[in-house]
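*Asks:* Residue strings, one per chain:
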Amino acid sequence: MANHSAYFPGTATESSESGAPAITRMCAQERGHSLTVTRRRFVQGIAVAGLAALVEGKFNQAAAQAIAQSPPILTGTHFDLAIEAHHVDFTGRRRKAIKINGSLPGPTLKWREGDTVTVAVTNHLPEATSIHWHGMRIPAEMDGVPGLSFAGIAPGKTFVYRFPVLQNGTYWYHSHSGSQEQIGLIGALIIEPQAKDPIAYDRDYVVLLSDWSHTDPDTLYTNLKKQSDYYNYHKRTAGTFIDDVETKGLRSTVTDRLAWGRTDMTPTDIADVNSSTYIYLMNGNSPGANWAALFNPGERVRLRFINGSSMTIFDVRIPGLPMTVVQADGNCVQPVTVDEFRIGVAETYDVIVQPHEDKAYTIFAQPEARGRYARGTLAPRTGMTAEIPPIDPYPYRTMADMGMAGMAHTKGMKMGGMSADQMQGMNGMQMEGMGGNGMPAMKDMNQDMNMSEIKDGDMSAMSHMHMDQHTEPSNDPPVGKTPFPQPGPRTARLMPPPSQMMARPTQTLEGEVPLHLGPEVVMVAKNTSPRLRDPGDGLDGNGRRVLTYADLRALYRGVDGRQPTREIILHLTGNMERFIWGFDGQKFSQAEPIHLKLGERVRFVLINDTMMEHPIHLHGLWSELENGSGEFAPYKHTIIVKPAERVTYLVSADTPGRWAFHCHLQYHMEAGMFRTVIVS
Amino acid sequence: MRSRLALQLVLAGVLLSFAVTTVSAQDAAPQVDAPTPTSPLDVPTPAPNWPKPVKDNRVLTFVTFDQLEGRTNGPNTSFRWDGEGWIGTDFNKFWFKSEGRVINGVTSDGDQEFLYDRPIPHLRYFDWQAGARVDIDSGPRRAWLALGIQGLARYFFNFAPTLYVRDGGHVAGRLEGYYDLYLTQRLILQPQVEMNFYSKADRARGIGTGLSDLDGGVRLGYQFSRKFAPYIGYTYTGTFGQTATFNRQGGQPTGEHRLVLGIWLWH
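Protein sequence lines, in the order shown, are assigned to chains A and B. For what it's worth, my numbering labels the leading residue of the first sequence as 6, then goes sequentially. For what it's worth, my numbering labels the leading residue of the second sequence as 1077, then goes sequentially.
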């Protein structure tokens, strides 16, 4: 674990008092199940932190130095946004775009937790528009999804969004109408915490990544519908056949070609839309424009990465500079230092970098399907550049991605290696949580959240959970009364009555839909497993330390300690050839909404039967990723599900409404990978 | 006479079924701000005039020419087209196919088809198609009922067998197939073949029973874009059995080798 102290302003105060960083000690002692004292001290630390002379991130100055190329920053509680059609030229061709208040991406909105904000959005486009506040937990009618939350904003009309801001962190906003995101209707959202920010930094920058094509979005989509490999210029050819024969031999090359040929799929199918038509932007700047962020050597720089692209999963790194991930999807995580991270469409990661040298660094974001890149520079002075690293090799899907690998690709534990005693030791743990996949699920047994939650071996851990509450919470689940707050330094974990705690949850399976091949489903993965420790296709063995979902451990305990009472199993399905996407073999227009009872806690089980990643986004509610972190499961709003992966997360259905649930790859969503979730 | 009636009935049926399915598939509700009624559970119900959150069942159109080419063997040149297209949604499409050959102002092989198309349940890449075929060219006109499948077979083979029936107990069959072999990302070698079979002779159109004709070739095209790829190739057109006999009697060649130049197009 990285040194926590570097990231917490409370440290200074605490250090002067006791000579030891508060958070570090707290975390250390958490593992010893003795938290009462330190937690109190931590709160004290927060209370006096404001008095300490701490260098805090200031947007104004830092941004001013990079302003030539950055969207403006708007602060306050009332905002007027004008959505207008413009033309821009990123590729040598003037193309239709959408700007907000004259900016592409739109202005960065800076809110304060606890405020009630008003955003008046005026539509100057000839078509309807909308703004969805991605990751915000707000009343459903403010969520901005035409058809679910409201009618949309008609041309010439103004819609006034007004809601209390009950969370903090880095988020973003975008249109939910057609493909307006693709042509610029996106922007960053920063919410300052009401309490002292647990993340210490001297400078603060938004790094909003997006993709841009001079082909209009409707043509991009219809091209895919008519020829799904339209943008794949990495097909297997006679040339690659000869290369493969030379390296792998004739027999294995032919076997491999035949195996893929039987399914009419190709291992080079990485991204439906890619560098063959896209260029990639950083805060609305092409790589040549070179967006720049300034620092003084030794300063801690907070970079808020937001993937605001339509179809592009990025791999981000800053060569020569380790990045410490401190927040994911707006929720603080225990710092973890990496060289690189993969960011799915709509995800956010906040990282801290601390360049000590007086030199420039390249912020490098290459799409998963490689080709081109987005790039910016972190430099002590304007006008500096650093070397741009070469693009990584084009990744290939494997039979593991097809869910056909069986145990062949699993590392380490074999079933034979698990003794009966070990199996015995698992008594009392909820095996149901592991799903019906049997052997493959065993691979990531140590990642199963139900087990890790009590992996320290004794149930006494639970009494500590009660002890560390400041105020003993009511044991009544807050059914529909108030939403659960975002976990923070002052939130308590709601624990069910001990009787309920000890009992096995009554898990009614929300019938796993039997799938068959057909026009909507080209593949049902035979072997699925959590691939949480797998950085993802194209990132294996690149010699860099790459963030995985297993590394994400929330800084604060989750607020809902109840066991889920239901599992909702959904297969992510598609027909690449026909470019039809959906859940359980159904497009949105074919499917019924998913119903959640207000106040209930459910487990979503997503099984990816396709050979592509899908960043799945649930509106309005948190998705608590079951990645082995137990009660420190990271709260997310968007979760990448890898090919042939089985991912689970918990959802507290605490906010009523009609919520969108969809793949955030724009054209997958348009092709049907969308469901309505009704909480009532 | 009877064939014309049959054709009309089929076309009417096809158009009707198409119209019904596509109209129901799409809603083009105007977007109007309207008060939202509230259900007893306090979850607002979308107003009828709200748009759908995603339009995953749009009507799209597609046109492609697999052959749009001049053919020559030196002294003689001909023009050949073979195109197809559709309008519709993922699950309901109206297809049209057109092919023919023009030599010295005389059109032959003028085969026009109008088909209703749906994916075949439990098959991933194949659609069934039913409708009508009309032979419209310089010869006598014929109308057929058509039933076929079209799609992607294993190993990326494109495959389309069709069965035709017309008055007088005439049955015909057609097999079409091609394969795109990518030499590079843009240079494509495409072997292609089309074969026609007939149960009964149709002397007026020069058609005999059994395997009547085969049109095959190999084309090498360069995709400047996916939608535009000029090609050069070689084709062989041959007639067989009774059809070949008719050809010989009419002083026509029974087999021709030609160099072709053309463009693959789609939109």
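What the hints contain is simulated information worked out from the structure, not anything from laboratory work. Built from N, CA and C at the ideal position, the CB exists for glycine as well. A hint or two may mislead.
What the hints assert, rightly or not - From the derived model, a few chain A residues whose C-beta atoms are all more than 10 Å from chain B: (1) Glu146; (2) Gly152; (3) Gly157; (4) Arg167; (5) Gln199; (6) Asn228; (7) Leu263; (8) Asp269; (9) Ala365; (10) Arg386; (11) Gly566; (12) Asn580; (13) Glu582; (14) Ser594; (15) Ala665; (16) Glu675.
Unchecked claim - In silico PhoX-like cross-links for lysine-lysine, where the CA-CA straight-line distance does not exceed 20 Å: (17) Lys1131/B x Lys230/A; (18) Lys101/A x Lys115/A; (19) Lys240/A x Lys1303/B; (20) Lys230/A x Lys1303/B; (21) Lys231/A x Lys1131/B; (22) Lys253/A x Lys240/A; (23) Lys231/A x Lys1303/B.
*Asks:* Now tell me if each hint is right for this structure.
*Replies:* Hint check results:
With a closest Cβ-Cβ approach of about 6 Å to chain B, Glu146/A is found to fall inside the 10 Å limit, against its non-interface label. Gly152/A, annotated as away from the interface, has a beta carbon of chain B within 10 Å; the closest lies near 4 Å. Non-interface call for Gly157/A relative to chain B: violated, since the shortest CB-CB distance, roughly 5 Å, does not exceed 10 Å. A cut-off of 10 Å between C-beta atoms confirms that Arg167/A is not in contact with chain B; the least separation is 16 Å.
Residue placement check: Gln199/A keeps its beta carbon more than 10 Å from all beta carbons of chain B (closest about 28 Å). For Asn228/A, the non-interface assignment is contradicted: its Cβ lies about 7 Å from the closest Cβ of chain B, within the 10 Å cut-off. Remark: the non-interface label on Leu263/A conflicts with the geometry, its nearest Cβ contact in chain B lying 7 Å away (cut-off 10 Å). Look at Asp269/A: its CB is around 5 Å from the nearest CB on chain B, not clear of 10 Å, so calling it non-interface is violated.
Distance to chain B confirms Ala365/A as a non-interface residue, since its nearest Cβ pair spans about 35 Å, more than 10 Å. Every C-beta of chain B lies more than 10 Å from that of Arg386/A, the closest at about 42 Å, which supports listing it as non-interface. With a closest Cβ-Cβ approach of about 27 Å to chain B, Gly566/A is found to remain outside the 10 Å limit, as its non-interface label requires. A Cβ of chain B approaches the Cβ of Asn580/A within 10 Å, the least distance being about 6 Å, so the stated non-interface status is violated.
Glu582/A, annotated as away from the interface, has a beta carbon of chain B within 10 Å; the closest lies near 6 Å. Distance to chain B contradicts Ser594/A as a non-interface residue, since its nearest Cβ pair spans about 5 Å, not more than 10 Å. The beta carbon of Ala665/A is not kept farther than 10 Å from every beta carbon of chain B, the shortest such distance being approximately 6 Å. Residue-level check failed: Glu675/A sits 6 Å from the nearest beta carbon of chain B, not beyond 10 Å.
Our distance criterion of 20 Å between C-alpha atoms is met by Lys1131/B and Lys230/A, whose separation comes to about 13 Å. With a C-alpha separation of about 28 Å, the suggested pairing of Lys101/A with Lys115/A is violated against the 20 Å cut-off. Between Lys240/A and Lys1303/B the CA atoms are separated by roughly 17 Å; this keeps the pair inside 20 Å, and the hint holds. With a CA separation close to 14 Å, the supplied pair Lys230/A and Lys1303/B stays within the 20 Å bound.
In summary, the hint linking Lys231/A to Lys1131/B is supported, as the alpha carbons are separated by about 16 Å, within the 20 Å threshold. In summary, the hint linking Lys253/A to Lys240/A is supported, as the alpha carbons are separated by about 18 Å, within the 20 Å threshold. A C-alpha spacing of about 11 Å is found between Lys231/A and Lys1303/B, which places the hinted pair at or below 20 Å, so the restraint holds.
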